[in-house]
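Enquirer: All chains should be modelled from the sequences, with the hints used to inform the complete structure.
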Amino acid sequence: MRLTLARRWLTPASTIGELSIDSVFACFVLEDRYRPPHEKKVYGQTAIPSGLYRVAITQSPRFGRQLPLVCDVPGFEGVRIHSGNSAGDTEGCLLPGRKRFPDRVEESRLAFEALYMRLVDAESRREAISLEIVVVPS
Numbered sequence: 001m002r003l004t005l006a007r008r009w010l011t012p013a014s015t016i017g018e019l020s021i022d023s024v025f026a027c028f029v030l031e032d033r034y035r036p037p038h039e040k041k042v043y044g045q046t047a048i049p050s051g052l053y054r055v056a057i058t059q060s061p062r063f064g065r066q067l068p069l070v071c072d073v074p075g076f077e078g079v080r081i082h083s084g085n086s087a088g089d090t091e092g093c094l095l096p097g098r099k100r101f102p103d104r105v106e107e108s109r110l111a112f113e114a115l116y117m118r119l120v121d122a123e124s125r126r127e128a129i130s131l132e133i134v135v136v137p138s
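Residue numbers (my numbering): 1 to 138.
Be aware that a few hints might be false.
[Claimed, not checked] Only pairs whose alpha carbons sit at most 20 Å apart, straight line, appear in this in silico EDC-like list of lysine to aspartate or glutamate: (1) K41 / D22; (2) K40 / E77; (3) K40 / E18; (4) K41 / E113; (5) K41 / D89; (6) K99 / D89; (7) K41 / E91; (8) K99 / E113; (9) K41 / E77; (10) K40 / E91; (11) K99 / E39.
These are calculated hints, taken from the structure and not from any lab test.
Since we're looking at a predicted model, the values are computed, not measured.
Expert: Following this line, the structure appears as structure tokens:
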């Protein structure tokens, strides 16, 4: 399964992109603010670097449940996909939503559960899950 996150709406407070699964739109995703590649990642304030990552479903100590983990993020551990609505709800994690507004997403729990079920299904079939994060030029 190939997830692609196309970062499209960049503001000083957050980044919102469109997540597709095998080239089909699935939901919006909110992250911390985007930073150009030459800037250093700031924990809890900036989005993870663009790139290609493996995704695995693992137990989250913070949330006490199984959640998608974005693996091998340079310099960071514990980057998850979970529900939330604003940059205040993420510390570098990806927050899915069905609706987007400036600096926030809505219906996050619904978007997360739909995405999570698809990821669990892929993992149960032993299908590799990858996430490519790209910035779409404006």
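Enquirer: Does each hint fit the structure? Answer for all of them.
Expert: Checked hints:
1. The hinted pair formed by K41 and D22 fails the criterion: a straight-line CA distance of about 28 Å is larger than 20 Å.
2. Distance check on the hinted pair: K40 and E77 sit about 16 Å apart at the alpha-carbon level, within 20 Å; holds.
3. Our distance criterion of 20 Å between C-alpha atoms is broken by K40 and E18, whose separation comes to about 24 Å.
4. Our distance criterion of 20 Å between C-alpha atoms is broken by K41 and E113, whose separation comes to about 29 Å.
5. The hinted pair formed by K41 and D89 meets the criterion: a straight-line CA distance of about 17 Å does not exceed 20 Å.
6. Among the hinted pairs, K99 with D89 is consistent with the structure: their alpha-carbon atoms are about 16 Å apart, no more than 20 Å.
7. Taken as a hint, the K41 and E91 pair is honoured in the structure, with Cα atoms around 11 Å apart against an allowance of 20 Å.
8. Distance restraint check for K99 and E113: the Cα-Cα separation of roughly 15 Å lies within the 20 Å cut-off, and the hinted pair is therefore satisfied.
9. Under the criterion of a C-alpha separation no larger than 20 Å, the hint pairing K41 with E77 is consistent with the structure, at around 13 Å.
10. The hinted pair formed by K40 and E91 meets the criterion: a straight-line CA distance of about 15 Å does not exceed 20 Å.
11. Between the alpha carbons of K99 and E39 the distance comes to roughly 30 Å, so the proposed pair goes past 20 Å and is violated.
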